[in-house]
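**Q** This is what each chain is made of:
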Amino acid sequence: MKTKKGIVVEADKNKAVILLPGGEYRKVRTGGNYLEEGDLYEYNSTPVVRYAVAAVLLLAIIVGGIDYNSVKAYASLGTDLELGINRWGRVVSVQAKSIEGQQILDNVQVKNDKLEIAVEKITRQAMKEENKNPQEIRQNLKTKVNAKDNQKLEENIKKNVNKGLDKAIPNEKVKINKGKGNGHNQNEQQQVINDLQVNTEQTLDEENDNSEPQEILSEENDDKQEIEKEEKKLEHSEKKDEQNEKQKSSQNSKNENSQSNSKNKNNEE
Amino acid sequence: MDKNSAIDADNLLYQLWLDYRNGNPAALDDIFEKLTPFCLRVCSKTCGKYIYENDDEASIARLAVVEALDKYDPAKGTMPIFIGQVIRNRIIDYKRKERRQSVISFNLLSKGAYRFEEEVDESFFEEIIDSIARKQEINKLQDLLQQFQIYINELPSLSPQQQKTRQNAQQIAAIIANNQDLCDYLLTKKSLPLKELEENWQINRKLAERYRKYIIMAVLIYINDFPLLQDYILPMKGGRADEN
Chain A
2 MKTKKGIVVE ADKNKAVILL PGGEYRKVRT GGNYLEEGDL YEYNSTPVVR YAVAAVLLLA
62 IIVGGIDYNS VKAYASLGTD LELGINRWGR VVSVQAKSIE GQQILDNVQV KNDKLEIAVE
122 KITRQAMKEE NKNPQEIRQN LKTKVNAKDN QKLEENIKKN VNKGLDKAIP NEKVKINKGK
182 GNGHNQNEQQ QVINDLQVNT EQTLDEENDN SEPQEILSEE NDDKQEIEKE EKKLEHSEKK
242 DEQNEKQKSS QNSKNENSQS NSKNKNNEE
Chain B
746 MDKNSAIDAD NLLYQLWLDY RNGNPAALDD IFEKLTPFCL RVCSKTCGKY IYENDDEASI
806 ARLAVVEALD KYDPAKGTMP IFIGQVIRNR IIDYKRKERR QSVISFNLLS KGAYRFEEEV
866 DESFFEEIID SIARKQEINK LQDLLQQFQI YINELPSLSP QQQKTRQNAQ QIAAIIANNQ
926 DLCDYLLTKK SLPLKELEEN WQINRKLAER YRKYIIMAVL IYINDFPLLQ DYILPMKGGR
986 ADEN
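Quick note, the sequences are listed as chains A and B, same order. For the first sequence, the working numbering gives the first residue as 2, with consecutive numbering after it. For the second sequence, the working numbering gives the first residue as 746, with consecutive numbering after it.
None of these hints come from the bench; they were simulated from the model. Among the hints, erroneous ones may be present.
[Said to hold, decoys possible] List time: in silico SDA-like cross-link candidates among lysine to any residue, alpha-carbon distance up to 25 Å:
id	chain 1	residue 1	chain 2	residue 2
1	A	Lys-28	B	Glu-863
2	A	Lys-28	B	Ala-803
3	B	Lys-779	B	Leu-814
4	A	Lys-28	B	Asn-898
5	A	Lys-14	B	Leu-814
6	A	Lys-16	B	Pro-782
7	A	Lys-16	B	Gln-894
8	A	Lys-6	B	Glu-863
9	A	Lys-5	A	Val-72
10	B	Lys-958	A	Arg-30
11	A	Lys-98	A	Ile-62
12	B	Lys-909	A	Asn-45
13	A	Lys-5	B	Leu-814
14	A	Lys-14	B	Lys-840
15	A	Lys-5	B	Glu-899
16	A	Lys-159	A	Gly-90
17	A	Lys-6	B	Ala-803
18	A	Lys-153	A	Leu-36
19	A	Lys-14	B	Gln-908
20	B	Lys-840	A	Lys-5
One chain only, chain B, in its complex shape (with noise of 0.2 Å):
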């Protein structure tokens, strides 16, 4: 996450809290709105597997966020991971209550046992918040390229495999990105501009054709906001691709 994103979301957040406890009911409701992600991300990483919205972990979470709303103080730090810590101590509570009442001993309960009663630190919830923005990320490129009818599974078939050639298909979604009417030509008529770019650009049109849905994906990353997953797509800008 980005440090100023992450600084606004938590003055936000900071800001509801004090409404919050200022007597303000309706604030209650927009940090659920805004802490629902976190919530359930921090119950399904402790528990081990996915939490749906109406699971009993959820609920849990719910009523460990009021908690912690209530005891939060600026000084123990950022509330994020302060609601998140109250989050885990409780699901762990409410995972040892119950296997202290189940009957049979659950293969995957006693398995889970030995991850949720592990102890973590604070990069444990800033790891989630990393995520939480990823997936936010992820989310509009898939809104995004489905307009164009690419689908995010197809894309390890669709990519080139060598990496000298994925440097010549983003090179090519590079030059799209950086010129206003090839990126007009694209987003207008949802195909790639290969007779300007092999006329202009001297383009191997082949590779073009053949890698088409991985440059129109390249591009849209290119052109959008994603910080995090250009870092991946695009090492020309500078970014962590690449690491060997």
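Extracted from the complex, chain A is given alone in its bound form (with noise of 0.2 Å):
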């Protein structure tokens, strides 16, 4: 320990004022040591506190990244890819578990990203890639939660992949109802199904052909069956469409209804 001797320029019962080699003035605390103008004093000079704060935040710098990349829980997106969640819902590792997998990590990164925006990114490029479907992903995630007792880490991991899958969706039912060749709100999605069921009413009336009727009535089960997974799969969009977009679904209704209102016309016509 490096100690200086500075001389003593003030002096009471607890406390002095140090002249130290370098014209450095100091308060000290004397603890109680009698001290008198004058007197030299030994001053430790090392700086004890600022190595041991030191000391102390390097250690919290080392305890907090092993931490960080210390994996809680993993969530398995279908079979392709694992990802490893810390505790403060970042992903901290990525395993690819099919080449598909692995096609998709090499276009996107998503390592320290948040859960929700990793499975968003992810889901978009395997739409890109792949042509998933969202629902296929959302339909093969798995959660693993490392820890015992750690069910309120499991549902918000599951909570944070909903989000990021419920992003990602939005793009691709705008795609449906634009190949369907109508708009995308709710008003025309049930144009769409009066449409199918109209058309399919129609072809049975015009035809009217007894020598066919078990191909007709299977053509028309066949349409009822589309029409019925039409329905559902729109009720399914539609409902979510209701929570995430109000406001948008709102401006478009009013475009969109004089639109519909117009094509209606037609139809009657």
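Take the two lone chains and join them into the complex the hints point to.
**A** The structure is reproduced here in structure tokens:
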């Protein structure tokens, strides 16, 4: 330990002012030791407190770094990818379980991202590359939590994954609606269903062919099944739309109500 | 304490002692006047607390001085150290007697017992003499600083914390101290000649304003006769400052 000798320039019972070599004045605690002006005072110049603080900070950084990278739970997205998640909900490890998964990883960076954002990125990339339905990803989602009694973490992870999927889904819904040639609101989706139903009935009325009743019926049944499937899909997506984009749908409905009215007139004619 | 002044003091004391031995009673008063700070400091260092002139220990010390003057032999060593040893011995005797007579054991005494009974050599008294010399310089500096409304207890908060900044401030002080005009300006107007320093010496005005009091303190030490303090303030003087 380095010690300096300073001159006591002022002293009382518990503290003193020391003039150190180099012209620095410092207040020190004497701890009850008797000192008088003019005395030499041995001062410990090693900044113990500073070293202690620096050591504590370094330890905190190291421990924090280890803890940050410590995986607390895994989320498997389908059979392709497995994300390792830390206690703060960030992706700290990514593992591809299949070639498709690796392809996705090659094009997207998700490390250190929040889980919701990582899932959104991966889902968008997956839809781009493989044209996968986000519902498939959702159905194949699994979460696995490392630690015991971590239900909260598991719920949080599922919630964030769903959020990420939901963010990726709106784009897909728009594509489907555009493919049908209609707009993207409830009224137009319902109109698609109506059109299909109407078209099916007209076909049956016009043909009225007894020689092939089974085919007609089967066609009719097929149509009905398709319509039902479509209705289910649309209902599901409609509910989510309502929750997420109320404002947009109200604006769009104003614009497109006028369009749908004109179409109704055309159909009637 | 620089050698010349120490030798002068010793010679003066020796002369006074000779006067006293020759029967001049007034010499004893002069000796007391010269030795009082030293006697009190010996008592304080021995007892581990501040001793005032009207304390019992101070009376013991005065009696010890008379005893030392009667017994002193130049062959035994320098006078201040001899007197200091006699004072310390008498104080220790007094403390022991006090401890024996006290019914309740005082924690202070029991702590002090270890301190005042430990053996010391000549360096103990030489250090006391040096301390007194430093204190005299400090007292003079305090008087000078008061004219500028600067107080020692505020200097820790007013001094630059970083070594480099401190050196820059000391350089500004050296410039002022070495220039008669700047020095006169400072002593008459009681403020730093900032404009001239900035224009003629390209001094950082902000630094000079921020550490104004520290710079003035350094100038006062530099221009007055403070050899002991200068060693600590101005490393450019070739002193032992910046010992790391």
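**Q** Now, for every hint given, state plainly whether the structure supports it.
**A** Consistency of the hints with the structure:
With a C-alpha separation of about 30 Å, the suggested pair A/Lys-28 and B/Glu-863 falls outside the 25 Å cut-off, and the hint is violated. The suggested pairing of A/Lys-28 with B/Ala-803 is violated, with an alpha-carbon distance near 30 Å, which exceeds 25 Å. About 14 Å separates the Cα atoms of B/Lys-779 and B/Leu-814, which keeps this hinted pair within 25 Å; it holds. For the proposed pair A/Lys-28 and B/Asn-898, the alpha carbon gap of about 8 Å is at most 25 Å, so the pair holds.
Taking the CA atoms of A/Lys-14 and B/Leu-814, the gap is about 34 Å. The hint is violated against a cut of 25 Å. With a CA separation close to 22 Å, the supplied pair A/Lys-16 and B/Pro-782 stays within the 25 Å bound. At roughly 22 Å between alpha-carbon atoms, A/Lys-16 and B/Gln-894 fall within 25 Å of each other, so this suggested pair holds. With a C-alpha separation of about 23 Å, the suggested pair A/Lys-6 and B/Glu-863 falls inside the 25 Å cut-off, and the hint holds.
Proposed proximity of A/Lys-5 and A/Val-72 is contradicted: the alpha carbons are some 50 Å apart, above 25 Å. Between B/Lys-958 and A/Arg-30 the CA atoms are separated by roughly 24 Å; this keeps the pair inside 25 Å, and the hint holds. The suggested pairing of A/Lys-98 with A/Ile-62 is violated, with an alpha-carbon distance near 33 Å, which exceeds 25 Å. At most 25 Å may separate the alpha-carbon atoms for a hinted pair to count; B/Lys-909 and A/Asn-45 meet this at roughly 21 Å.
Distance check on the hinted pair: A/Lys-5 and B/Leu-814 sit about 38 Å apart at the alpha-carbon level, beyond 25 Å; violated. Annotation: proposed proximity of A/Lys-14 to B/Lys-840 holds, straight-line Cα distance about 22 Å (limit 25 Å). Only pairs whose Cα atoms come within 25 Å are accepted, and A/Lys-5 paired with B/Glu-899 is accepted, the gap being roughly 21 Å. For the hint linking A/Lys-159 to A/Gly-90, the alpha-carbon distance of about 11 Å falls within 25 Å, and the restraint holds.
Proximity of A/Lys-6 to B/Ala-803 is assessed by CA-CA distance (about 29 Å); at most 25 Å being required, the pair is judged violated. Taken as a hint, the A/Lys-153 and A/Leu-36 pair is broken in the structure, with Cα atoms around 62 Å apart against an allowance of 25 Å. The straight-line distance between the Cα atoms of A/Lys-14 and B/Gln-908 is roughly 29 Å, outside the 25 Å bound, and the hint therefore fails. For the suggested pair B/Lys-840 and A/Lys-5, the alpha carbons sit about 33 Å apart, so the restraint of at most 25 Å is broken.
Checked against the numbered hints listed earlier, the structure breaks hints 1, 2, 5, 9, 11, 13, 17, 18, 19 and 20; every other hint is satisfied.
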